[in-house]
Amino acid sequence: MLKVEGLNVEVRGKQVLHDIDLDIPEGSTYVLFGPNGSGKSTLLATIMGFSQFEVTSGRIFFRGKDITDAPIDERARLGIGMLMQRPPNIPGVRLRSVLKATSGDGMDVERAAGELNMDSFLERDINVGFSGGELKRSEILQLQAQGPCFLMMDEPESGVDLVSIQVIGKKIRDLIGGIGCGSDGSGTIRSALIITHTGQILDFIEAQKAFVLANGTIQCSGSPDVMFERIRRHGYEECIRCHQRN
Amino acid sequence: MSSEELRRRAKHAGGKTASYGDDIDVDNFQVAPRELRAGEDLESLDRDLKDSIINVGVVPDQQERAGSFLLLDNSIVHTSKQVEGLEVMSTQEALKRYDWAKDFVWNAVQVDTDKYTAKTFMEDSDGYFIRVKSGVHVAHPVQAGQVLDSVRSMQNVHNVIIVEEGASMQFISGCTSTHCAKESLHLAASELYVMKGGSLTFTTIHNWASDISARPRTVIKVAEDATFIDNYISLGPIRSIQLYPKVFLDGPRAKANFSSISVAPPGCKLDMGCMAVLGAPETRARIVSRSITTGGEIINRGRLVGLAPMIKAHLECNSLIMADGGISIAIPELEARLPDVEMTHEAAVGKVAQDQVEYLMARGLSEDEAVGIIVRGVLEGGIVGLPDQIRLEVEKAIDQTNIGAL
Ligand SMILES: Nc1ncnc2c1ncn2[C@@H]1O[C@H](COP(=O)(O)OP(=O)(O)OP(=O)(O)O)[C@@H](O)[C@H]1O
Ligand SMILES: [Mg+2]
Chain A
1 MLKVEGLNVE
11 VRGKQVLHDI
21 DLDIPEGSTY
31 VLFGPNGSGK
41 STLLATIMGF
51 SQFEVTSGRI
61 FFRGKDITDA
71 PIDERARLGI
81 GMLMQRPPNI
91 PGVRLRSVLK
101 ATSGDGMDVE
111 RAAGELNMDS
121 FLERDINVGF
131 SGGELKRSEI
141 LQLQAQGPCF
151 LMMDEPESGV
161 DLVSIQVIGK
171 KIRDLIGGIG
181 CGSDGSGTIR
191 SALIITHTGQ
201 ILDFIEAQKA
211 FVLANGTIQC
221 SGSPDVMFER
231 IRRHGYEECI
241 RCHQRN
Chain B
1 MSSEELRRRA
11 KHAGGKTASY
21 GDDIDVDNFQ
31 VAPRELRAGE
41 DLESLDRDLK
51 DSIINVGVVP
61 DQQERAGSFL
71 LLDNSIVHTS
81 KQVEGLEVMS
91 TQEALKRYDW
101 AKDFVWNAVQ
111 VDTDKYTAKT
121 FMEDSDGYFI
131 RVKSGVHVAH
141 PVQAGQVLDS
151 VRSMQNVHNV
161 IIVEEGASMQ
171 FISGCTSTHC
181 AKESLHLAAS
191 ELYVMKGGSL
201 TFTTIHNWAS
211 DISARPRTVI
221 KVAEDATFID
231 NYISLGPIRS
241 IQLYPKVFLD
251 GPRAKANFSS
261 ISVAPPGCKL
271 DMGCMAVLGA
281 PETRARIVSR
291 SITTGGEIIN
301 RGRLVGLAPM
311 IKAHLECNSL
321 IMADGGISIA
331 IPELEARLPD
341 VEMTHEAAVG
351 KVAQDQVEYL
361 MARGLSEDEA
371 VGIIVRGVLE
381 GGIVGLPDQI
391 RLEVEKAIDQ
401 TNIGAL
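Residue numbers (the working numbering), protein chains in the order written: chain A, 1 to 246; chain B, 1 to 406.
Think of the hints as simulated: they come from the structure by calculation, not from any bench.
Everything numeric in this text was worked out from a predicted model, so none of it was measured.
Hints are not guaranteed to be accurate.
Stated by the list, open to error - Heads up, simulated EDC-like pairs for lysine to aspartate or glutamate below, C-alpha to C-alpha not over 20 Å straight-line: (1) B:Lys196 / B:Glu164; (2) B:Lys96 / B:Glu4; (3) A:Lys209 / A:Glu238; (4) A:Lys100 / B:Asp368; (5) A:Lys100 / B:Asp399; (6) A:Lys171 / A:Asp161; (7) A:Lys100 / A:Asp125; (8) B:Lys16 / B:Glu164; (9) A:Lys209 / A:Asp23; (10) A:Lys171 / A:Glu206; (11) A:Lys100 / B:Glu64; (12) A:Lys100 / B:Glu367; (13) A:Lys170 / A:Asp119; (14) A:Lys14 / A:Glu54; (15) B:Lys81 / B:Glu64; (16) A:Lys100 / B:Glu369; (17) B:Lys396 / A:Glu123; (18) B:Lys102 / B:Glu87.
Given these sequences and hints, build the entire structure.
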């Protein structure tokens, strides 16, 4: 579904990602681990097409189409969606308006918001003054409105309390388990790429593969549970060392 | 002040250019017709005229309106009221009926402010005179339309609102022109008084045309524990408008809140702003303006003057430039005459934030749609806290500008 080949990315003239290759087939969920500042968010933002992130070489393909130079909204309409680590505030724009504009009336806004305990946020200015956990729930609600078939999630569980994690964990599982891209009726089985530090989200979803990104390069990959356990015990160094040896 | 003294001052100020705004030669306009035609039914007006006033929040069926007033050129066409304790008449009639009315005329607004006020005096101008008797809370808004309908003509208006002790009212002032009006000028002097413990919400919707100019002059006096809330909306084209209402918070704990949203299409010059004088202890003022230029020029002035202890005042100006050729100038001023004051200002001029646009595009909206939603948000953010009925009028007005399609 998503294929990244030899991707090099600069932010403000500084190279952040080096020679990234990635291939995520339809219907699979991959996980991205890695130390702070290693370039995980940068990778997701580049796939989404945000203008700060400049592809200096390499290509990105989505469902067979070269989207390396496609505008953001085209990518979104093709079926790419993203839960952002740090979404911007937009004063004066209510969460409800955004949900309405993106879902094209295809979603029962009240009900979806209720399921995420976000009913009382619909009339609030989007992201303005939202707490850490509220931001995540709002992002998930927006993804639900959009209905992408490739879901990129940047630390969906960080800052979420122990009760809410049950709610959002199940919601994310349902989203990834869904079928189709937005309003297009195709039977596309969804895929996901999820960044996590705590690994908590892994209790709710079934992931096939994990990667460690360090210093802007993919260092190693393997089974998510095994990799997570190894990082927990030995840190990222072991993976980086193995990678350098090979 | 005696009428001789007023006349002397007006004469003296006949050639006095205003402090701000391009100078307009009033002699280039003929005084618009003033006919005796009061008592007409708003519902039976011409289609064209009806549509014009509906666009500025004045509804002919008077549903959910406590009173109505309509001025067409210089003719008073309609005055009515639905509730006890509210009076709606013309200023000239009030001067005849009430001996005390003269104390409220050319009192807040100085006759020699500039040549426009002088002209308004010289023409014995008429307008609305609205009074809410003490303790009366008028539930629905009172509406007043001021419409220009003639070519190269000048509308001269003199308005008075008195909200007596402990009384309250919401007021909608809709100003517009029909397609018969060309190259015309609107001049107005409006004197608003909110007495002890009273409350007045004053919402103005301007919808002129690209060959119309306006020079409204408004002064508000707010007494002890009273509240004045001003909302100003100008979304359509206009050749040139300059306004700078002044509010005097004369009594302790008096409050004033100004919000304005304006759009300057190409060829328009908007020189807006207001001044709040905090003249008594614990008074509060807040001025928030949101503006957008799609090619025209916008000046946003704001001036807070702190003259008493324990006051709080804030000035905020946010302006977006949406097209090349657009000019936006923000001029915030704070003046304090003693240490025990809290006065702040914020001003931002620029384009729509790229990260906001991209965020919405990542949800599948086109760039234009994203910008439309954000701009609408900026404008609507300028009028939060409006009473529901009035907010609906403003949202309708924003819809009609087609901001989403910029
Ligand atoms: N807009 C930017 N301007 C300057 N530097 C940036 C910008 N965006 C990212 N960077 C830098 O690029 C590097 C990678 O950042 P990125 O946000 O991708 O890290 P991350 O792996 O997501 O980290 P974390 O786990 O802390 O979220 C960091 O050194 C960061 O400071
Ligand atoms: Mg990150």
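Here is how each hint holds up against the structure:
1. Note on B:Lys196 and B:Glu164: the hinted pairing holds, with a Cα-Cα distance of about 7 Å set against a maximum of 20 Å.
2. Between B:Lys96 and B:Glu4 the alpha-carbon distance is near 18 Å, which keeps this suggested pair within the 20 Å criterion.
3. Among the hinted pairs, A:Lys209 with A:Glu238 is consistent with the structure: their alpha-carbon atoms are about 18 Å apart, no more than 20 Å.
4. For the suggested pair A:Lys100 and B:Asp368, the alpha carbons sit about 16 Å apart, so the restraint of at most 20 Å is met.
5. At most 20 Å may separate the alpha-carbon atoms for a hinted pair to count; A:Lys100 and B:Asp399 meet this at roughly 16 Å.
6. As the CA atoms of A:Lys171 and A:Asp161 are separated by approximately 15 Å, the hinted pair is consistent with the 20 Å bound.
7. Between the alpha carbons of A:Lys100 and A:Asp125 the distance comes to roughly 14 Å, so the proposed pair stays at or under 20 Å and holds.
8. Between B:Lys16 and B:Glu164, the direct Cα distance comes to roughly 34 Å. Violation of the 20 Å bound is thereby established for this hinted pair.
9. Distance hint between A:Lys209 and A:Asp23 is fulfilled; the C-alpha atoms sit about 11 Å from each other, no more than 20 Å.
10. Annotation: proposed proximity of A:Lys171 to A:Glu206 holds, straight-line Cα distance about 13 Å (limit 20 Å).
11. Under the criterion of a C-alpha separation no larger than 20 Å, the hint pairing A:Lys100 with B:Glu64 is inconsistent with the structure, at around 30 Å.
12. Of the supplied pair hints, the one linking A:Lys100 and B:Glu367 holds, its CA atoms being roughly 17 Å apart against a limit of 20 Å.
13. A distance of roughly 18 Å separates the Cα atoms of A:Lys170 and A:Asp119; the hinted pair therefore holds under the 20 Å criterion.
14. Between the alpha carbons of A:Lys14 and A:Glu54 the distance comes to roughly 10 Å, so the proposed pair stays at or under 20 Å and holds.
15. At roughly 12 Å between alpha-carbon atoms, B:Lys81 and B:Glu64 fall within 20 Å of each other, so this suggested pair holds.
16. For the proposed pair A:Lys100 and B:Glu369, the alpha carbon gap of about 12 Å is at most 20 Å, so the pair holds.
17. For the proposed pair B:Lys396 and A:Glu123, the alpha carbon gap of about 18 Å is at most 20 Å, so the pair holds.
18. The hinted pair formed by B:Lys102 and B:Glu87 meets the criterion: a straight-line CA distance of about 16 Å does not exceed 20 Å.
Hints 8, 11 from the list above are not met by this structure, while the remaining hints are.
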